[in-house]
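J.: Each chain, written out:
Protein chains: 2
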Amino acid sequence: MTQSGILDTEQAPDLERARPADDVTRVAVSTVIFSLRPCADGAAVVLPLVRRTRDPFQGLWALPGGWLDAAEGLDAAASRTLEETTALSPSYLEQLYAFGDVDRSPTRVVSIVYWALLRPDEIADAAERENVEWFDAASLPRLAFDHNDIVDYALWRLRNKVGYSRIAHGLLADEFTLAELREVYESILGRRLDPANFRRQAEHSGTLIPTDRFRTGSHRPARLYRYNQDVELADRGPLTGSSTK
Amino acid sequence: MTQSGILDTEQAPDLERARPADDVTRVAVSTVIFSLRPCADGAAVVLPLVRRTRDPFQGLWALPGGWLDAAEGLDAAASRTLEETTALSPSYLEQLYAFGDVDRSPTRVVSIVYWALLRPDEIADAAERENVEWFDAASLPRLAFDHNDIVDYALWRLRNKVGYSRIAHGLLADEFTLAELREVYESILGRRLDPANFRRQAEHSGTLIPTDRFRTGSHRPARLYRYNQDVELADRGPLTGSSTK
DNA sequence: TGCACTTCATGTCATGGTGACTATAAGATG
DNA sequence: CATCTTATAGTCACCATGACATGAAGTGCA
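Residue numbers (the numbering used here), protein chains in the order written: chain B, 1 to 245; chain V, 246 to 490.
If you are wondering where the hints come from, they were derived from the structure by calculation, not from laboratory data. Backbone N, C-alpha and C fix where the C-beta goes; we use that ideal spot for every residue, glycine too. Some hints here could point you the wrong way.
[As the list claims (entries may be wrong)] Only pairs whose alpha carbons sit at most 25 Å apart, straight line, appear in this in silico SDA-like list of lysine to any residue:
{"#": "1", "chain 1": "B", "residue 1": "Lys161", "chain 2": "V", "residue 2": "Leu400"}
{"#": "2", "chain 1": "B", "residue 1": "Lys161", "chain 2": "B", "residue 2": "Ser139"}
{"#": "3", "chain 1": "V", "residue 1": "Lys406", "chain 2": "B", "residue 2": "Gly163"}
{"#": "4", "chain 1": "V", "residue 1": "Lys406", "chain 2": "B", "residue 2": "Leu239"}
{"#": "5", "chain 1": "B", "residue 1": "Lys161", "chain 2": "V", "residue 2": "Asn405"}
{"#": "6", "chain 1": "V", "residue 1": "Lys406", "chain 2": "B", "residue 2": "Leu155"}
{"#": "7", "chain 1": "V", "residue 1": "Lys406", "chain 2": "B", "residue 2": "Tyr185"}
{"#": "8", "chain 1": "B", "residue 1": "Lys161", "chain 2": "V", "residue 2": "Ser410"}
{"#": "9", "chain 1": "B", "residue 1": "Lys161", "chain 2": "V", "residue 2": "Val407"}
{"#": "10", "chain 1": "B", "residue 1": "Lys161", "chain 2": "V", "residue 2": "Glu339"}
{"#": "11", "chain 1": "V", "residue 1": "Lys406", "chain 2": "V", "residue 2": "Asp348"}
{"#": "12", "chain 1": "V", "residue 1": "Lys406", "chain 2": "B", "residue 2": "Arg159"}
{"#": "13", "chain 1": "B", "residue 1": "Lys161", "chain 2": "V", "residue 2": "Gln446"}
{"#": "14", "chain 1": "V", "residue 1": "Lys406", "chain 2": "B", "residue 2": "Thr240"}
{"#": "15", "chain 1": "B", "residue 1": "Lys161", "chain 2": "B", "residue 2": "Asn197"}
{"#": "16", "chain 1": "V", "residue 1": "Lys406", "chain 2": "B", "residue 2": "Leu189"}
{"#": "17", "chain 1": "B", "residue 1": "Lys161", "chain 2": "B", "residue 2": "Asp136"}
{"#": "18", "chain 1": "V", "residue 1": "Lys406", "chain 2": "B", "residue 2": "Gln201"}
{"#": "19", "chain 1": "V", "residue 1": "Lys406", "chain 2": "B", "residue 2": "Asp149"}
{"#": "20", "chain 1": "B", "residue 1": "Lys161", "chain 2": "V", "residue 2": "Asp286"}
{"#": "21", "chain 1": "V", "residue 1": "Lys406", "chain 2": "B", "residue 2": "Pro238"}
{"#": "22", "chain 1": "V", "residue 1": "Lys406", "chain 2": "B", "residue 2": "Asp152"}
{"#": "23", "chain 1": "B", "residue 1": "Lys161", "chain 2": "B", "residue 2": "Ala44"}
{"#": "24", "chain 1": "V", "residue 1": "Lys406", "chain 2": "B", "residue 2": "Val231"}
{"#": "25", "chain 1": "V", "residue 1": "Lys406", "chain 2": "B", "residue 2": "Val162"}
{"#": "26", "chain 1": "B", "residue 1": "Lys161", "chain 2": "V", "residue 2": "Ala479"}
{"#": "27", "chain 1": "V", "residue 1": "Lys406", "chain 2": "V", "residue 2": "Asn442"}
{"#": "28", "chain 1": "V", "residue 1": "Lys406", "chain 2": "B", "residue 2": "Tyr97"}
{"#": "29", "chain 1": "B", "residue 1": "Lys161", "chain 2": "V", "residue 2": "Lys406"}
{"#": "30", "chain 1": "V", "residue 1": "Lys406", "chain 2": "B", "residue 2": "Ala234"}
{"#": "31", "chain 1": "B", "residue 1": "Lys161", "chain 2": "V", "residue 2": "Arg402"}
{"#": "32", "chain 1": "V", "residue 1": "Lys406", "chain 2": "B", "residue 2": "Ala44"}
{"#": "33", "chain 1": "V", "residue 1": "Lys406", "chain 2": "B", "residue 2": "Ser139"}
{"#": "34", "chain 1": "V", "residue 1": "Lys406", "chain 2": "V", "residue 2": "Thr298"}
{"#": "35", "chain 1": "V", "residue 1": "Lys406", "chain 2": "V", "residue 2": "Glu339"}
{"#": "36", "chain 1": "B", "residue 1": "Lys161", "chain 2": "V", "residue 2": "Arg404"}
{"#": "37", "chain 1": "V", "residue 1": "Lys406", "chain 2": "B", "residue 2": "Gly237"}
[What the hints assert, rightly or not] Computed footprint of chain B on chain V, listed as stretches where at least three residues anywhere in the stretch have a Cβ under 8 Å from a Cβ of chain B:
{"#": "38", "segment": "269-278"}
{"#": "39", "segment": "308-316"}
{"#": "40", "segment": "334-347"}
Please model the complete structure; the sequences and the hints are all you need to start from.
T.: Following this line, the structure appears as structure tokens:
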């Protein structure tokens with residue numbers, strides 16, 4: 001839970017810790033945490049990065065993460081590093097990919113990377129930490145290790161998955177208008193969607209519960225909807241049960 | 246390339262090898278290798294398993310795999326273990342998932358699991374090795390470790406992916422009839438497909454090249470098709486380039 | 001107050017893909 | 001040659017979708 005826990009990502013030489021033999025591969029866990037931030041035209045996909053305070057790649061930004069503890073499962077390690085960064089539990093968390101090229105780091109590190117979705121209302125208090133900053137996913141600086149590639153892949157997965165699942169709801173508060181839900185899709189997919197057709201699809205999907213409340217303030221009030229909790233955000237197949245061991 | 250390389254999967258105590266400290270996590274790579282075998286009604290999904298010759302789980306069947314070598318990438322390790330089992334390179338190889346529950350093995354092991362597709366004509370000479378046997382994916386015995394769960398997940402992924410990609414071609418020889426291609430889909434999905442509609446879809450997909458040859462022998466001859474190599478078997482997103490490091 | 005404007009919400013229409021089904025072609029079998 | 005089986009082609013109803021039109025209900029300004 002210490003700040004240093006966040007920053008020791010990858011194989012930064014940590015003298016306080018027993019150093020394994022040179023030929024041993026170490027396992028790290030990192031997480032790409034997506035959220036949305038209001039911007040000029042709609043919303044932008046943003047993610048938190050951590051500035052490295054030691055070599056290698058000192059000074060560069062990197063994904064939040066840390067070493068896998070011998071006594072914790074992969075999912076638990078991802079939750080922990082995420083909690084250490086944002087101090088909140090995500091609305092969605094899924095394993096992304098294992099990266100293990102030999103040359104991706106000076107010493108041998110296999111990174112199990114997760115990706116997560118965070119609701120905008122959850123970010124607020126969590127954002128402000130030393131050496132943690134939120135970046136626009138569309139314009140990242142050069143990151144440490146192969147983390148640029150990793151973010152690219154996570155974005156690809158996000159864009160794909162938004163098309164055949166309900167994960168967009170993982171980026172919204174409990175109650176939302178259809179225009180807000182549409183804006184989530186638009187900022188992820190990077191294109192405008194027809195409001196009328198979007199409404200038809202959303203209503204037909206069976207995942208929305210209309211409330212009797214309305215969002216007022218701008219022109220005609222829009223009905224507020226809730227997400228149907230009976231429906232999973234995404235079908236994870238046989239993995240569903242044992243996931244948080 | 247030695248037989249023992251295959252069998253030392255997971256944390257079998259191997260005295261010839263330096264044993265890391267007790268609190269260190271070790272990384273293994275395993276592969277679920279799918280192929281098709283002709284059977285009573287069509288074809289059955291089959292996969293090779295290796296019998297364990299030492300504790301834990303001595304005598305039980307397990308997925309082919311081995312320890313990750315410090316000098317090889319994850320993809321390379323998967324190719325190697327696959328080569329050691331089948332002596333052939335697969336027509337399709339993709340990372341499946343990283344399994345790392347604390348209690349999945351007596352000592353701490355994180356397994357990076359891959360899945361592969363093999364053409365039926367490739368199996369023939371490769372199959373017969375001591376302690377290696379092909380099993381019907383639909384009726385597996387109890388496997389070592391969490392390998393039953395892993396196979397279930399791989400099957401789920403296979404069934405999903407066959408719906409939105411062209412991986413079915415990874416289970417067929419160069420030239421095939423539409424009935425043969427349809428049989429691949431039928432055995433993976435577990436249901437019959439309408440021949441006429443299947444033909445319409447297949448022809449419309451743009452991935453098939455008709456040849457001027459025909460498969461004769463049973464009733465009306467069927468035209469042979471080839472797969473359009475310009476089209477990838479599956480869209481792997483930004484991962485495509487650096488995959489076999 | 002009245003009018004213009006914006007967003008919410010509903011409806012229409014043409015298009016294309018899909019499942020169910022029918023019909024014909026062509027070789028195998030006895 | 002008659003019949004069977006499979007290959008291949010075509011038809012039709014249905015449904016999801018994109019493009020677009022229309023009305024509903026607020027805000028903002030003259």
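J.: Now, for every hint given, state plainly whether the structure supports it.
T.: Consistency of the hints with the structure:
no.	hint	verdict
1	B/Lys161 / V/Leu400	holds (20 Å)
2	B/Lys161 / B/Ser139	holds (21 Å)
3	V/Lys406 / B/Gly163	holds (15 Å)
4	V/Lys406 / B/Leu239	holds (16 Å)
5	B/Lys161 / V/Asn405	holds (13 Å)
6	V/Lys406 / B/Leu155	holds (20 Å)
7	V/Lys406 / B/Tyr185	holds (23 Å)
8	B/Lys161 / V/Ser410	holds (15 Å)
9	B/Lys161 / V/Val407	holds (16 Å)
10	B/Lys161 / V/Glu339	holds (18 Å)
11	V/Lys406 / V/Asp348	violated (30 Å)
12	V/Lys406 / B/Arg159	holds (17 Å)
13	B/Lys161 / V/Gln446	holds (24 Å)
14	V/Lys406 / B/Thr240	holds (18 Å)
15	B/Lys161 / B/Asn197	holds (20 Å)
16	V/Lys406 / B/Leu189	holds (22 Å)
17	B/Lys161 / B/Asp136	holds (20 Å)
18	V/Lys406 / B/Gln201	holds (24 Å)
19	V/Lys406 / B/Asp149	holds (23 Å)
20	B/Lys161 / V/Asp286	violated (35 Å)
21	V/Lys406 / B/Pro238	holds (15 Å)
22	V/Lys406 / B/Asp152	holds (21 Å)
23	B/Lys161 / B/Ala44	holds (17 Å)
24	V/Lys406 / B/Val231	holds (22 Å)
25	V/Lys406 / B/Val162	holds (16 Å)
26	B/Lys161 / V/Ala479	holds (15 Å)
27	V/Lys406 / V/Asn442	holds (20 Å)
28	V/Lys406 / B/Tyr97	holds (17 Å)
29	B/Lys161 / V/Lys406	holds (13 Å)
30	V/Lys406 / B/Ala234	holds (15 Å)
31	B/Lys161 / V/Arg402	holds (14 Å)
32	V/Lys406 / B/Ala44	violated (30 Å)
33	V/Lys406 / B/Ser139	violated (31 Å)
34	V/Lys406 / V/Thr298	violated (34 Å)
35	V/Lys406 / V/Glu339	holds (12 Å)
36	B/Lys161 / V/Arg404	holds (17 Å)
37	V/Lys406 / B/Gly237	holds (12 Å)
38	269-278	holds (count 4)
39	308-316	holds (count 3)
40	334-347	holds (count 7)
Of the numbered hints given earlier, the model fails hints 11, 20, 32, 33, 34; all others are met.
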